[in-house]
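From the two separate chains plus the hints, produce the assembled complex.
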Amino acid sequence: MTTRASVVRVLMILTSVAVLTVFLLLPLAVVFSEAFKQGLHAFTRVFHQAEARSAIWLTLLVAVIAVPVNMVFGVTAAWLMARFEFRGKALLGAFIDLPFSVSPVISGMAFVLLFGAQGWFGPWLIERNLGVIFAVPGLVLATVFITLPFIARELIPLMQAQGSEEEEAARVLGAGSWQMFFRVTLPNIRWALLYGVLLCNARAMGEFGAVSVVSGHIRNLTTTMPLEVEMRYNEYDYVGAFAVASLLALLAVLTLAFKALMEWRYRHELAAGGIHR
Amino acid sequence: MKRRVLPGFGLSLGYVMAWLGLIVLLPLAALVFKSSALAPSGWWALLSSPRTLAALRLSFGGAMLAAAVNVLAGLLVAWVLVRHRFPGRRLFDALVDLPFALPTAVAGIALTAIYAPEGWLGRYLVPMGIKVAYAPLGVVVAMVFVGFPFVVRTLQPVLESMEREVEEAAASLGATRWQVFFRVVLPLLLPTLLTGFGLALARAVGEYGSVIFIAGNIPRLSEITPLLIVEKLEEFNYAGAAALGVAMLVLSLLLLLLVSLVQRASRRWELPR
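Sequences listed follow chains D and L, in order.
Each residue of the first sequence is one higher than the one before, starting from 1 at the first, in the numbering used here.
Each residue of the second sequence is one higher than the one before, starting from 1 at the first, in the numbering used here.
Derived by calculation from the structure, the hints in this document are not laboratory data.
A couple of the hints might just be wrong.
[Unchecked claim] With the C-beta cut set under 8 Å, the calculated list includes, among others, these residues of chain D facing chain L:
id: 1; residue: Val17
id: 2; residue: Pro27
id: 3; residue: Glu51
id: 4; residue: Ile96
id: 5; residue: Phe111
id: 6; residue: Leu113
id: 7; residue: Ser177
id: 8; residue: Met231
[Stated by the list, open to error] Rough simulated footprint, nothing fancy, chain D against chain L, three-plus residues with beta-carbon under 8 Å:
id: 9; segment: 71-82
id: 10; segment: 254-268
Computed from a prediction, not measured in an experiment: that's the story for all the values here.
For every residue, glycine included, the Cβ atom is placed at its ideal position computed from N, Cα and C.
With the rest of the complex left out, here is chain L (with noise of 0.2 Å):
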């Protein structure tokens, strides 16, 4: 091995590993150990509780269907924010990333006041059979919100560094806009368009104090997973609320394997650099 120069690796590696090893993977640690108190009949009993099933397909499902709209309205803000230029395009710019530095719990009452059936928007859609606050809705609403910058930020960089004359080729070889676009950027675009997804996901289906306000959190219809480990806390079933998280930690990682593993798949279509 090359002799190394620059000093203080020793120092650095041992203290990273300790300090990680005493922040973040002692505490994961007392998590899993925790769960295993439960005995196997204890787990099937708590997976398998409609209340639980109810709660995991809200948080997971919730958080597919809140990251799938932020990568349509992603893409859309991100393309105009770099290929357009229009009054106000930094301020709008800078305002992506207001889900990022607003503390959940200021979006969640924000948003509550909103929709609420007599918000300032909930007030028109209530009356049109749209229930936004306290239901289902609601919880999709604030995890598009708190997911918002992440497709928007991926996808930026690699828009500005995009070269138009693939665009171009493609239509001075006669394709239409839609042609261009749907055979020519939505491919390049898709890698990214994944991490943005993985990203989006990963916060949604953790996502705690934004939406604990808006969704009502009536049981078996509005309860997240989250909220359900926090009940559990406070009846002190600590081992069911630790194997609630272990279950909720191991899918997470189970969907983002599965992202990962498509992006790898659509990176096909890029251009050799």
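The following block holds chain D by itself, in its conformation from the complex (with noise of 0.2 Å):
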């Protein structure tokens, strides 16, 4: 009965690993591979080319803009949603979670019909000449949606597991409302805050489908990281389209490093849940 039993677990144990293996460290595996299939020069020399420095430059860009604006949002919303009960509060939750399951191609499509040449407010932008479709305000709003509930799904479940007695003797004992919000509130989510901003920045740098829809593909213009992937990968440049893989890729396995580093370290600190919800 017992060597069955072990045997049974050995097989389940190796399964698991074969299948975490050939579906999820597989595909990391070959990124980097093909990055360097024909040597490191190659590889180097893609960054050398002023199109990858400036995709790498616009991604950075549009994160900087739009992890920082969801970051107020989520903290703003966490306050709003985990510390007072108010009518509808399930429907703005609701809201909150939506950009979670709405197609990446749809969220730009919205866009371009809001501020196309052919929507609602394209007509007023070209007479003042300001571009957000095809240019950089487009590829920020867009992602800006995409990424607008990950801070506040990782606040709102360990704001309420946390409860608002520290807050609230903060007040009695006279503190000022922002007072009370850096010397209390912000220490206490500052992991999971942190955490957040970790998932946001990920998929801000490489949301793809989104961003594709609202860009036009404007070469040193409006081609972000994933969108000069997709253009050199059409090219036929596989070793290009590779190694700016690659750098995601990187970014993609420091960003887990780190989960996995803060999970580990601040497991109680960090509200089971949240993004996975």
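Quick look at the structure:
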């Protein structure tokens, strides 16, 4: 009986490891292998090209705008959802989650229908010579939409679990609103906030579908790194595509490593759930 | 109502509502409005065309198949990660989130490099008659990849908090291993498995980046609905694209509603807490 049980256990572990290796580890390995297929020189040459550099800068620019915007939104929304009861709260929560269940392509298209030449505000923008679609503001807007729930979803369950006693005590003892926020609330949620920022950033830098619809794929102007990967791949520049992709894969690996480290170190300060709910 | 001790209710409510209105509701309103520019006959022509029907069938059918695969694989992986100790467990546990962190375009070209006829696995699979890349199967493989973490991650906390006494009681009353699993464990996990199924499904239906590279995008064979939307946008057929988007949103909302109804029904097996 025990021998059969342990055979089953070993089989289960081996199957799981095989599934994880083939489905997850192999795609990661292939990115780096293809990027260095023609040697280190071919790899580094990619990053001397203006297109690749501009794509990297644009990706950083979009993330530098979108992540703080969602940080402010996430903290405020979590404060609202975790500290107050009001009518329509469940509905508001559903709206915060909505970008998770809308296809990225549909999200991007919605912004085209708002700000594109045929869109609601299109003529107004054209008159003033302002570009949103096929320009950087459109990339930022689409990215903000896609990553909107990330930080809020990480903070809400944690703040609900923590309760508001500490904050109420601070208020009773005479702390001002901002004093309470910076001395009590923020220190209590800092690790979950960092965690949310990390996941939000990974998605912001890697977003493809929504950004691809609003970008217009103009080289050196509106191509972020994921779009640069696509264009090089479609032009059969495989080493170039995988070289740029390897930077994004590296970002993903670093994000995962940091995430694992934080989960291990600050397990009790991160609420269960978050993004996966 | 109780007087509020904590500050900022009005400010945060106003800001969150205004921001959601601007960033989320306004664009989606524009989408619905634009789709209404299409006359009923236009809707019918769009939704009954063989190409649209094939794309919707692939998007929703493929996503359901992928979510089902994820339920099976996710149950196994979550079980092993929670219940067993083996070298490298923590590494594999961290690896589960890779599809969340890896940009979809990167996943797309990586999966293609693996399953293409010359690829790492493709060179063995294609001679065996299994065509993954540039075929509907490739779409499902990409959808399994992007949805993989959902089932594992929803299942893990539930498995961790599940009391082993229940299983031990069943075993001590003479149940075999399989009986314990199918009669005790599985009914307890069913609501969570359905949550994971719904999340993986929602993600896979709308997925674009990881699918388009491996799919080959052959109309009526391996073309997904989001790609059809992109093609309509490129032809400046905005009303058609918007209508297809609205149809997709309505279909996925209905599907998720159905999943949550089944889930509610399955909760009757849960133990009273």
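Going down the list of hints, with the structure as the test:
1. Val17: Holds - the Cβ of Val17/D comes within 8 Å of chain L, reaching about 7 Å at its closest.
2. Pro27: 4 Å, holds
3. Glu51: 16 Å, violated
4. Ile96: Status holds, d = 7 Å.
5. Phe111: The hint holds - Phe111/D has a Cβ within 8 Å of chain L, the shortest such distance being about 5 Å.
6. Leu113: 4 Å, holds
7. Ser177: Cβ of Ser177/D sits 4 Å from chain L, so the hint holds.
8. Met231: This hint is violated: Met231/D lies away from chain L, its Cβ roughly 10 Å from the closest one there, beyond 8 Å.
9. 71-82: Contact hint for the segment 71-82 of chain L vs chain D: holds, 6 residues under 8 Å.
10. 254-268: violated (count 1)
Taken one by one, the earlier hints fail for this structure at numbers 3, 8, 10, listed in ascending order.
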